[in-house]
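**Student:** One letter stands for each residue in the lines below.
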Amino acid sequence: MDTPFDRNGLFSGLYGFFADLAPDGFAWLAYLLAGAVIVFIVINGVMLLTAFETYMERRVLGRFQTRLGPNRVGPFGLLQPFADVLKLLIKEDLRPAMADRFTFFLAPVLMVAAILLVAAVVPFGEGTFLADLNIGVLFLVGIPTIATVAMFLGGWGSGNRFALLGAARAVAMLISYEVPMIVSLAGVLLLAGSMSLVDVVEAQRLPFIVLQPLGFFVFLVAASAEMNRSPFDLMEAESELTAGFHTEFSGVRFGLLQLAEFGELVIISAVLAVLFVSGWKNPFVSPDFAQWLPGQVWFLLKLVFFLLLFAWIRATLPRMRVDQVMAFAWKALFPLAIINTLVTAALVVAWPEPEYGQLWIMAAVNWAVAIVCLVAFSRFLERHRDRPTASVQLVEIPAEAS
Amino acid sequence: MTEGIAGTPVFTAVWWVLAVLTVACAVLVVRLQDLVKAAMALIGSFLGIAALFVMLNAEFLAIVQVLVYAGAVSILLIFGIMMVRDTQRGSQANSLAIPAAMLATAMLAIIAVVVLDTRWDLLGDAALATGVAEGAEGVYSDSPPAIGGLLLREFVLPLQAAALLLTATLVGAIALVRGDQ
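For the record, the sequence lines run as chains A and B. Under our numbering, residue 407 is the last one in the first sequence; the count climbs by one each step, no gaps. Under our numbering, residue 536 is the last one in the second sequence; the count climbs by one each step, no gaps.
The set of hints was computed from the structure by calculation and includes no laboratory data. The beta carbon of each residue, even a glycine, is placed where N, CA and C say it ideally should be. It cannot be assumed that every hint is accurate.
From the structure, some residues in chain B lie toward chain A, with a derived Cβ separation under 8 angstroms [to be verified]:
#: 1; residue: 363
#: 2; residue: 399
#: 3; residue: 410
#: 4; residue: 414
#: 5; residue: 429
#: 6; residue: 432
These stretches of chain A come out as covered by chain B in the derived footprint (C-beta under 8 angstroms, 3 or more residues) [said to hold, decoys possible]:
#: 7; region: 154 to 168
#: 8; region: 260 to 274
Anything over 12 angstroms on all C-beta distances counts as not near chain B; from chain A, calculated [unchecked claim]:
#: 9; residue: 65
#: 10; residue: 107
#: 11; residue: 374
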């Protein structure tokens, strides 16, 4: 049977299997079942990776802080995430008297749904993915905005001032960082010539991190702000806001919010692996791509590498001040993303069909621009740093009034 | 994305569910007294429209709908509502009901005329006979490049004008907020 999903080997195989079983006239049932099986695999894969991520991050942070981390439940503490989930499930599910019942229920569910939806377009290996949308890159920056709305509703629905303040802070930050995040991907799209994530991977004769150092840097920083990771975790700054928008959530709902937070980390790492280090391909032996390992294993290795990178960043950098965070998005990241787009566009116009050697020239130009820009911007920001000033304004009292 | 299942019972059923949900959310926006709830219903309506775009093979429009309307506009809307007092009761009824009804009817009439006047069967036999289908093929198979080409070649002047207008709005907003500093 000729399916429209030639590139999606996994889907075609499952579809063929179910189509043979299904009676005549029920081809749509096979279509549905094949989709459902892949959805099942993707959701459970993301969930298991998220569980593994929480364990790994706690162990890695423990290392950084010269302590052990969880090591009691199961071998090396590997069953710790499952114990945590069980604990959250049997805890009492509190709902504050001032909370808005419907919003309070909806917010965590909506957040998890939005995060899991992004996994639908991520290609895990050659021909192993759920959907190859022709708007893939826009999809994976567009859908998380629903999680932003959910976050705000959660903070509002809690009926708690701290929660509302945390939510307002988080939303202001998320909206600001969405702009450099989307613009930083323009360079990748220009080089790949397509928004489909499968096309982006196949276009990477060199991993795009070599061709797009500035775009990678801006995307990495903006993405860690989007995920509210340290050093941008000021929406849940314990010392200022108790716990931000999820102050009032407990039990299962708190578990869902944690799942959304760490699930987003897993998905963003997957996206970084796909967009910048050539997804399921072996990044080292370009351009002939002897694979050595199955593509899915390469993908997982790259994903875990980015998870470790994020844990490292979290363990190293202190939290930024709220005004610094907003200034950084608009004064540094946004102009850097624009410069990256312009330089890449000029290079693509110069070499529309680059040969392998010309790719290295493009990479050299981009690295030179990236280093010059990063040094110039850090000098500039250092010189024009907003120093904390006393907020008391002296008011002159007119002479006749005194 | 819908090639394999278009026209099957599931497809039709999903279309009906989405259509009913979208309209129901739109009705709720008007009927709910609590302004925050009304904003949530509006987001639901936006998402329903995005899903209908996907079923029409217009993935680019769908994701722009989510990114701009469900993501950004609704957040600004909710921020605006937060500034208003008495969000639970909403605004009081006033004497503008009749002009509003007339305006709404006029809008409905215009949309109905456009819907009835448009040729929807771009790939049907009649369209193939008249040559309309040739232009439609490219748009149907892969819409983002087609839209990008149109925006940056044929309609580049309107695009620039819109960009200029938005920049002017941005500068105006900043000038208003800064006051006389």
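**Student:** Does residue 65 of chain A sit more than 12 angstroms from chain B, CB to CB?
**Tutor:** Answer for residue 65 of chain A: holds, closest chain B Cβ roughly 33 angstroms.
**Student:** Verify the interface restraint on residue 410 of chain B: the C-beta must sit less than 8 angstroms from at least one C-beta of chain A.
**Tutor:** Since chain A brings no Cβ nearer than about 14 angstroms to residue 410 of chain B, farther than 8 angstroms, the hint is violated.
**Student:** Residue 107 of chain A clear of chain B by more than 12 angstroms, beta carbon to beta carbon?
**Tutor:** Residue 107 of chain A not clear of chain B: closest Cβ-Cβ about 7 angstroms, inside 12 angstroms.
**Student:** Checking C-beta pairs, does the region 154 to 168 of chain A have three or more residues closer than 8 angstroms to chain B?
**Tutor:** Coverage by chain B holds here, the residue count being 4 at a Cβ distance below 8 angstroms.
**Student:** With a cut-off of 8 angstroms, does the beta carbon of residue 432 of chain B approach a beta carbon of chain A closely enough for the hint to hold?
**Tutor:** violated, 10 angstroms
**Student:** Counting residues of the region 260 to 274 of chain A that have a beta-carbon nearer than 8 angstroms to any beta-carbon of chain B, does the count reach 3?
**Tutor:** violated (count 0)
**Student:** So, as I understand it, the hint says residue 363 of chain B touches chain A; can you test that by seeing if any CB pair is closer than 8 angstroms?
**Tutor:** holds, 4 angstroms
**Student:** Per the stated criterion, does the least C-beta distance between residue 374 of chain A and chain B lie above 12 angstroms, as a non-interface residue requires?
**Tutor:** Holds: least Cβ distance 24 angstroms, greater than 12 angstroms.
**Student:** Under 8 angstroms is the threshold here; is the Cβ of residue 414 of chain B close enough to any Cβ of chain A for the hint to stand?
**Tutor:** Because about 5 angstroms separates residue 414 of chain B from the closest Cβ in chain A, which is inside the 8 angstroms limit, the hint holds.
**Student:** Under 8 angstroms, Cβ to Cβ, is where residue 429 of chain B needs to be relative to chain A, so tell me if that hint holds or is violated.
**Tutor:** Holds: closest Cβ of chain A sits about 6 angstroms from residue 429 of chain B, inside 8 angstroms.
**Student:** Is the hint on residue 399 of chain B kept, meaning its closest Cβ partner in chain A is under 8 angstroms away?
**Tutor:** Given a least distance of 10 angstroms, the restraint on residue 399 of chain B is violated.
Taken one by one, the earlier hints fail for this structure at numbers 2, 3, 6, 8, 10, listed in ascending order.
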